[in-house]
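Engineer: Listed here are the chains, written in short residue letters.
Protein chains: 2
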Amino acid sequence: MRVIMDAFGGDNAPRAVVEGSVRAVRELDADIILVGKEPVLQEILSGMDYPEGRIQIRHAEEVIGCDESPISAIRAKKDSSLVVGLTMLKNGEGDGFITAGNTGAYLAGAFRILGRIKGVKRPALTPFIPTDQGVSLIVDAGANNDCKPEHLLQFGIMGSIYMKQVFGIASPRVALVNNGTEENKGNELTKAAYSLLAGSGLNFVGNIEARRIPYGDADVLVCDGFVGNVILKLTEGLGMALYDNIKAMFTKNLLTKLSALMVKGGLRAFKKKMDYTEYGGAPLLGIDGAVMKAHGSSDAKAFYNAIRSLLLFEQTGVNQKISEQINCIGREEIADES
Amino acid sequence: MRVIMDAFGGDNAPRAVVEGSVRAVRELDADIILVGKEPVLQEILSGMDYPEGRIQIRHAEEVIGCDESPISAIRAKKDSSLVVGLTMLKNGEGDGFITAGNTGAYLAGAFRILGRIKGVKRPALTPFIPTDQGVSLIVDAGANNDCKPEHLLQFGIMGSIYMKQVFGIASPRVALVNNGTEENKGNELTKAAYSLLAGSGLNFVGNIEARRIPYGDADVLVCDGFVGNVILKLTEGLGMALYDNIKAMFTKNLLTKLSALMVKGGLRAFKKKMDYTEYGGAPLLGIDGAVMKAHGSSDAKAFYNAIRSLLLFEQTGVNQKISEQINCIGREEIADES
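Residue numbers (the working numbering), protein chains in the order written: chain G, 1 to 338; chain W, 1 to 338.
I should point out that these hints are in silico values taken from the structure, not numbers from a laboratory. The beta-carbon is built from N, C-alpha and C at its ideal position, and this holds for glycine as well. Wrong hints could be hidden among the right ones.
[Said to hold, decoys possible] Here are the simulated lysine to aspartate or glutamate pairs, DMTMM-like style, with alpha carbons at most 25 Å apart:
| no. | chain 1 | residue 1 | chain 2 | residue 2 |
| --- | --- | --- | --- | --- |
| 1 | G | Lys264 | G | Asp288 |
| 2 | G | Lys247 | W | Asp244 |
| 3 | G | Lys77 | W | Asp49 |
[As the list claims (entries may be wrong)] Stretch-level coverage of chain W by chain G, calculated; a stretch enters the list once three of its residues show a Cβ under 8 Å from a Cβ in chain G:
| no. | segment |
| --- | --- |
| 4 | 7-21 |
| 5 | 202-215 |
| 6 | 232-240 |
| 7 | 245-257 |
[To be verified] Here are a few chain G residues that sit away from chain W, every Cβ distance over 10 Å (derived from the structure):
| no. | residue |
| --- | --- |
| 8 | Arg2 |
| 9 | Leu28 |
| 10 | Pro39 |
| 11 | Asn91 |
| 12 | Gly199 |
Could you build all of it, start to finish, from the sequences and the hints given here?
Structural biologist: Set out below in structure tokens:
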């Protein structure tokens, strides 16, 4: 498999992208194409040890910054690492694409350049959040701020396929994020989505209240992109704030520092659990191509894990399955309506 | 001031309600009327020491359970502690009302029995969440699942008044919960609400991303009730889950237990910070009456703190100020539109 990497996306680019890629070609069955300023990439690569020929460079002169307006950026910067990389994927010059850059530009670029899988109404950005039982997938976490009930149904279908194929969960528990567990709870959107999900044939476990999200009661959390974004960012923010509090508690004086030594293992495990870099990238489910978003502050390990996820995504045929199931369920729905 | 207490609402009722009330009449300038089954309340009170005559009992035979359907419960149970208590407030037999019972029934009851302050479109349930700087007020946290932009404007106005009057913050920072900090970010609702808030004359500090909520960047968090409910419950759930993790880390073996002793002060401070009982009750802003919801698992201290908040609410004339400001801004808005 040939993975196209946006080498100039993210806070730690390009070095972390290159380092993660080098590790990937050494440890995984992947070839890498780094897209970005060739001289810079050449310079970084020159000091590194990796199997000959498994990393290539494709020059792209421009970089889309984090704060640029997404749509105008992808229109104006045709020679940016993001636009060039996505176009290469579209043209079959690679099997998948990863970026840690501007999320909005990534979404807009993937929509315009790759397009949707036939039958998918709204592709969804689907990151993981850590839970007490491992991770849960949020569908959607920000690609769609205003949703209709049928979008949420498709989110459930796509999320379930992803967790089954890539995570090997036989029957992923799909839950609807809601403000009560009873069937009749919620806003207009979730009330209508509930019955669609209940009749979908998915392993729909009903509504989940936000209070239970950290306990991992569901594998797939279905919600509109606005709510998903709140869940993702609040989890991240609270994790950081609480970790800061714990750190402050331990660094207060000599005695507390000594205490930290005694629970070192536990602290490390806790930090690892909250660490987004463990969980690879967030796919954009429903896009006609294997594309993944790594966290903006990804380090080399995070890029390596994103590449690993992308390989699984491609090898297990996630998009093929999405296409089959969406179009099959689509037909049933139409039959029901007539 | 005479505070009417639903003595049969909440997980620890009636004992915790009575204990909190006894502490209140001893320490605060408040008289208490306990509403509920008289023999039970008499029995609990009989062993307690408090100023003669400052606690009265009003008998109510029925109790509305946590899982009962709100609207049918308040219709069917006219002799419940909730309905009797709210009706007493309506009739001027007390100056404020507190319950820790069924939130839906409380909302429905307050709407029907007390009604809205003239000009207020949608009353809002407004609990606090702990932050690194103290607390932030969520407006709304679940009374209104589907909102219009003008509702969010009123939430900002009411929340600002509450934080100013009850918390003594001269110019409360009002922020709109959104999925980006830029003005043009968000869903249809927040985009439209942004310009209303920006032109409101409030100390509007713009959009806040959920990631920054735990750091206390705003005093008032404006959002629809569905999103507010997610923020409230996710904060609570993550706080509990992370505390469980920390506890597990410290109770692993003798060495880690020893370590816990050394950071005991820090742990206690952390727990206190995350403790909802510190922050009293959540008012229902916009209702024509001083009503407050205490957390379902309130203990005596939480009830005491709720009574203290209610006194401040009433003494500082929150509802009077809401009425003045909503109707003043309402007129300006109409003038602008014509």
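Engineer: All the hints need checking, so say for each whether the structure fits it.
Structural biologist: Each hint tested on the structure:
Distance restraint check for Lys264(G) and Asp288(G): the Cα-Cα separation of roughly 45 Å exceeds the 25 Å cut-off, and the hinted pair is therefore not satisfied. Restraint check for Lys247(G) and Asp244(W): satisfied, since their Cα atoms lie roughly 17 Å apart, inside the 25 Å limit. Straight-line distance between C-alpha atoms of Lys77(G) and Asp49(W) comes to about 77 Å, which puts the hinted pair past the 25 Å bound. Using a Cβ-Cβ cut-off of 8 Å, 0 residues of the segment 7-21 of chain W lie near chain G, which falls short of the minimum of three, so the contact claim is violated.
Counting residues of the segment 202-215 of chain W whose C-beta lies closer than 8 Å to any C-beta of chain G gives 7; at least three are required, and the coverage claim holds. With 9 residues bearing a CB less than 8 Å from a CB of chain G, the segment 232-240 of chain W meets the requirement of three and the coverage assertion stands. Only residues whose C-beta sits within less than 8 Å of a C-beta in chain G count toward coverage, and the segment 245-257 of chain W has 8 of them, enough to reach three; the restraint holds. No Cβ of chain W approaches the Cβ of Arg2(G) within 10 Å, the least distance being about 33 Å, so the stated non-interface status holds.
For Leu28(G), the requirement that its beta carbon stay farther than 10 Å from each beta carbon of chain W is met, with the minimum near 32 Å. No Cβ of chain W approaches the Cβ of Pro39(G) within 10 Å, the least distance being about 34 Å, so the stated non-interface status holds. Under the 10 Å C-beta cut-off, the non-interface status given to Asn91(G) relative to chain W holds; the minimum distance is some 32 Å. A cut-off of 10 Å between C-beta atoms confirms that Gly199(G) is not in contact with chain W; the least separation is 22 Å.
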